[in-house]
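Undergrad: Here are the chains, one letter per residue:
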Amino acid sequence: MDPITFSIIRHRLFRIVDEAVITLKHVSGSAITNEGHDLMVSLYRADGSLLMGGVGFLHHLTSAAEACKSIIWRFEGDINEGDVFLLNCPYTAALHTSDIYLIAPIHYEGTLVAWSACFVHVYDIGAMNPGGFSPDSVDIYTEGFSSPGLKLVDRGEIRRDIMDTLLNMVRSPEMVALDMSSMIACNNVARDRMQTLMAKYGSETVDTACASLIDQSETLLRERLRELPNGRWQSRQYFDVKGETYRVLLTMTKKDDQLTFDFSGSSEQSPYGINCSKWASWGGLFAPLFPLLCYDITWNEGVIRPIEMIAPEGSVVNATRPAPVSIATVGAIQAVNNAACTCISKMLSASEKYASEATAVWHGSHFAIFMFGRNQRGTDSIGILTETFGGAAGARAIGDGVDVGGEVPNPISRMANVETMEWTFPIRYLFRRRQQDSGGPGKHRGGTGAEFAIVPHDAPDGGIHYVISGKGTDYPMSEGLGGGYPGANSNYRWVHNTDAANDGANLQPFAQALNDMPGEKENIAWGVYPLMDDDALYVRWNGGGGYGDPLERDPAAVAIDVRGGLVSGGTAKDVYGVVLDAGEVNDQGTVKWRQTLRAERRIGEAAE
Amino acid sequence: MSQSTDGKYVVASDVGGTCTDTVIFAAGEPIRLGKALSTPPNFADGVLNSVRSAADSMGLSLAELFAETRLFVHGSTVVDNTLLTRDGSVSGLITTEGFEDTLLMTRGAYGRWGGLTEDGIKHPVATDRAAPLVPGERIRGVPERVDYKGEALRPLDVGATEAAVRYLIEEQGVEAIAVCLLWSFFNPSHEQKVREIVNRISPETYVTLSSEIAPVPGEYERTSTTVINAYAGRITRDYLTSLQALLKGESYGGPILVMQGYGGLLPAEDAASRAIGMLECGPAAGVIGSRFLGQLMGDEDIIAADMGGTTFKVGVIQGGEFSHAREPMVDRFHYVAPKIEVVSIGSGGGSIISIDPRTNVPRVGPQSAGARPGPVCYGQGGTDPTLTDVMTLIGYMDPDRFLGGTVTLDMDGARQVFDEKVATPLGLGVEEAAFGIYRVAAAQITDLIHEITVEQGLDPRDFVLHSFGGSCPLLCGSFGAELNVKRIVVPYAASVNCAFGLVSADIVHEYTHTATRPVPSPAAEINALFAPMVEQAVAQLKAEGFEPDRQALEWAVDLRYGRQVHEVTTPVRGTTPFDDASLARLTDDFEALYERRYGKGSAYREAGMEMTMFRLTARGVMDRPEMEKMALGTTDSSAALMGTRRVFVDARDGMAEASIYDFEKLNPGNEIAGPAVIHTPITTIVLQDTQQGRMDEYRNVVIEFG
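Chains A and B, in that order, are what the protein sequence lines are.
The first sequence stops at residue 658 when you use my numbering, and every number in between is there.
The second sequence stops at residue 1071 when you use my numbering, and every number in between is there.
Next up, chain A with everything else stripped away, as it sits in the complex:
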């Protein structure tokens, strides 16, 4: 294939995905899609293998491929031009029920030549709890509508019976209808543009280019793997749900040009929805693999070929029906993301050429907090607190992590403005700022997370409620790398009145810190809670992991962080070993104190 045509077709394919993403955001118009970028669009070959992965939540790229393959198998002989299929069953291919895949065949001159697939996190899916994450569910049957594959659009005509049935099962059906329209429009754009591409270059040329593109990615990744040392690397991720602790244990083995991810030793599946299915784990390990190992390689089937996965059946990373999985994307999948990030980074660190690409874990624990209730204009509203998309970057071999700098599996997320949130929900923010000491200490500091507090404001019902499915409160999940400490864990407090506080003189309507708030500050993480009357919700989200030994951090950088309020004086001394006098580094004192700390470490090691 000539390199010129090849390069033009490659760029066109990327533009097609990009345009389809824009269509999705335009038509959907929802905050989670537009602000959080909680979406994905990709192109697949006629056999369902990944052709061109778009920039969205990356753990969906491979599971949507499985969804395509499943549709091809289920509907064999009944796949026609203009059809659109729906699939959201986690035990077939989806990640959880509320991330609905719409999958459409692309025909050219009557022949099936490719597929497009996309998802958005729909407004609601009819689970026990509103918004899709359903902490109260203990099995898949209470996690809402779930289909292993149905035909939603037949030869260009929406099947009203199907659509109406679906909308009949969800809260705010009109919003879900809009989500569905956005995905149909997105697939239409992808189909039209692919057909235009084939009309210009011929379907055979395009198909050849697609095949070469996949082969090229495979060749490039295998070459890269051969440049990296052989070895085995491990990461353990712990996470807590309702007082129980779960473990994801990952052993990654690199041999020649193969990578094997083995999850043997991970916990058994949970009665809570933090589990994930096999295809979800498969996607979860690719989410960091694409940007960490394939930043300059096209994300397609070629990247998948050198990879293998072992995931024990009945474990949190390969749950069996009817285990609940509605929290998977911020539960076990995220633990898989983190563990894979650490294993890959450890491997990169072992190579002189690629050591600069290594990174500690970014934003190890999402917090999915969905508000629901009547807003100040009397409208029923459901929506996520988008701060979870603010994230926190892990420290890197090349420098500190970016404060509130996002996450690796969703490279272009962002959070909404305070003014947007106060306009949308009957709430008022007391503060929203970077959190001191949240970035994992290290030679390079992890990016900080942040903290915020909200109170009800102008709510017609005196307030609203929220569903929370958080983890990473008992254990930090943003692992450090190469001696770096983990980022701080997350913390959620339901601040409510004690009897003493009920005398009316207790309110601190402009509190600037958790400690300024009167009342009981109850730790919460799981379930439905009120934000009514005098309640407040305080959230502190995790920082990114640190990189390297904090005793090797440039003392001047520590002093800057202390002056900027990002690191406390205590941490500067105890963890970084930096002695400060009135904010300035005491050089001699620091050298001596660091020697002392190093000596203490050796004593500690000897004692063990």
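Treat the hints as calculated values from the structure; they're not laboratory data.
From a predicted model like this one, the values you see are computed outputs, not experimental measurements.
Treat each hint with caution, since some may be false.
[As the list claims (entries may be wrong)] Only pairs whose alpha carbons sit at most 30 Å apart, straight line, appear in this in silico DSSO-like list of lysine-lysine:
hint, chain 1, residue 1, chain 2, residue 2
1, B, Lys400, B, Lys613
2, A, Lys75, B, Lys514
3, A, Lys396, A, Lys305
4, A, Lys305, A, Lys403
5, B, Lys373, B, Lys400
6, A, Lys250, B, Lys851
7, B, Lys965, A, Lys201
8, A, Lys403, B, Lys786
9, B, Lys907, B, Lys373
10, A, Lys305, A, Lys119
11, B, Lys373, B, Lys994
12, B, Lys994, B, Lys1030
13, B, Lys965, A, Lys250
14, B, Lys965, B, Lys851
15, A, Lys623, A, Lys396
16, A, Lys75, A, Lys119
17, B, Lys400, B, Lys1030
18, B, Lys965, A, Lys75
Starting from the structure of chain A, add chain B where the hints point.
TA: Relative to chain A, chain B alone:
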């Protein structure tokens, strides 16, 4: 001001990154052009040099020219330059207590990935947020709170504010202070109090309030805008003041009007307090120039493309209106201000062709050989193959007549370097590889134009393509054909289009009022929101000398569907002030615009609609330059025929015999059949196979598809 009749000349100077262009108009006289190198950081010197070069061509001294000048119109890259070089004032920021980190957090990763290309986004480990213009130690929160209705829940703490201001000025040495408090666009009283306090403590400190510079919801973008304005404000003010003094020193006593990024002019005194408005005003002027040319030619739907040495830029005009940038950025900073949308890619004549050694995939740009050493064929020591070298290899450049014969092109050198660095690695012959690179460049442009037309619901087939700059006319025959545009126009004033735009613009004041009103609302209530803006606008235009017949007030309303994030600015086409009929028409228009922009089925009527912002554009209509119109003569172009040459013809997939013409000898009315090449003093126009060219009465070359 617009009606001033002293003097016959209108002088327009546009300061770009490399050159400062000047055009001079006078009724009944030909357009005069001037050019000089820009002179950062003292741009005003380059302005005088550029005007002087035009005056020279008229046989006048600067003073003689200015004595006869009634209007000086100006566009400048001074603000962009201040930001790129980080050369602004030492600035501080005052926010609502508890929200001091808004600027530094940039809504999370948004400030990290914003402005990155695909390659950057796919490689997050290598990306960082840009260092903020105001570092953390110069940000102070003050106790106060306004809510989403504009109600002050907590008064501004004056003592704490004084302490914050003293800290910034005395301990941090700030010269400028940006103030951005939550919900200030609904209730600016606290921000105004902060300014009073700053003025009391330090009258010379430059202050920008968010409620004045960007009175719109969204505190991150509003803060960023306010900070940019404070940071560049003093330099902008000083620059315009010194320009005024310099011109006065050269005997110019008339008004100075300054181009804004939204395509309108402001008197220099007003522009001096709105640095943010001058961002990207050059490309905006280019689009304005294109619109004016379209008006002369009877075209309202135009794709305005400009390609020079380093960059390809394009804007869209539809029905005579521009589209506005939705999330504008400068450098890597977000801001919010009305701005004509102009998108760009790093692809120009000097763009270097490279081959990815691992994938063997060729790339055009974004690195550029610049003016020095420039393309290999210039023979100035360039060793990297560029797009211009490709153009010589495929026969588009005349080696002996480049830039009017002032430069002889080194064909052999270009061929040798291209063969070694591009063709051989690709495993192709030189010609074959050169055709390929030409197509890659054309495809990149096609994709970019697709982005701002098709992806926004516009069909390129309805548009005329204006092809500006030294490199665009070489490629427009190919990408214009692929986009299937109506026809292509290569304008006579192609090289000074931005300066040309300056003299075809109006004085434009933008007013906004942020408030939320349901649909339907009584007409009287909405009119009451507009009334103070109308009063202010009329007084302003009157003070500037515009009589009522020269005043145009354009109303617009931002609407959205309930629970949806997309807002659409909808121009009011019915009568103003509103009556029930015109208000109803507004919502109909909104729905049509929404579906056009966001796609069929995107409208969500069930949730109702709401109005979120009320906009008034007040236009003081300026005189348009009179363009000399020539008579159309014979269609026979043989007098300009220089001979034939083998050139690359896209549709034939190879070299073919083409007629070569001398632009200088073409006359209005002459027709040319492609494949053909027209050499002009500043560019080369290529007509592809089956394309028909003709010179119109303004000496523009119009290309139609056969």
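Undergrad: Checking one constraint from the list: CA of B/Lys373 to CA of B/Lys400, max 30 Å. Satisfied?
TA: OK: B/Lys373 and B/Lys400 at ~21 Å, within 30 Å.
Undergrad: Can you confirm whether the C-alpha distance between A/Lys75 and A/Lys119 stays at or below 30 Å?
TA: At roughly 26 Å apart (the allowed maximum being 30 Å), A/Lys119 and A/Lys75 satisfy the hint.
Undergrad: Within a Cα-Cα threshold of 30 Å, do B/Lys965 and A/Lys201 meet the stated pairing?
TA: Within the cut-off at roughly 21 Å; holds.
Undergrad: Keeping to a limit of 30 Å between CA atoms, is the pair of A/Lys623 and A/Lys396 held or broken?
TA: The hint holds at about 28 Å.
Undergrad: Does B/Lys965 pair with A/Lys75 here, judged by a C-alpha cut-off of 30 Å?
TA: holds (13 Å)
Undergrad: Is the straight-line distance between the alpha-carbon of A/Lys305 and that of A/Lys403 30 Å or less?
TA: It holds: about 18 Å lies between the C-alpha atoms, which stays within 30 Å.
Undergrad: Verify the proposed pairing of A/Lys305 with A/Lys119, using a straight-line Cα cut of 30 Å.
TA: Between A/Lys305 and A/Lys119 the Cα gap is close to 29 Å, so the pair holds against 30 Å.
Undergrad: Could you grab the alpha-carbon distance between B/Lys400 and B/Lys613 and see if it respects the 30 Å cut-off?
TA: holds (21 Å)
Undergrad: Checking one constraint from the list: CA of A/Lys250 to CA of B/Lys851, max 30 Å. Satisfied?
TA: Between A/Lys250 and B/Lys851 the Cα gap is close to 19 Å, so the pair holds against 30 Å.
Undergrad: Hey, B/Lys400 versus B/Lys1030, does the alpha-carbon distance stay inside 30 Å?
TA: Holds. B/Lys400 to B/Lys1030 sits at ~24 Å (cutoff 30 Å).
Undergrad: Between the alpha carbons of B/Lys994 and B/Lys1030, is the straight-line distance 30 Å or under?
TA: With Cα atoms ~17 Å apart, B/Lys994 and B/Lys1030 stay inside 30 Å; holds.
Undergrad: For A/Lys403 and B/Lys786, compute the direct alpha-carbon distance and say whether it is at most 30 Å.
TA: Since the Cα atoms of A/Lys403 and B/Lys786 sit roughly 26 Å apart, the hinted pair holds (cutoff 30 Å).
The structure fails none of the hints (numbered hints given earlier).
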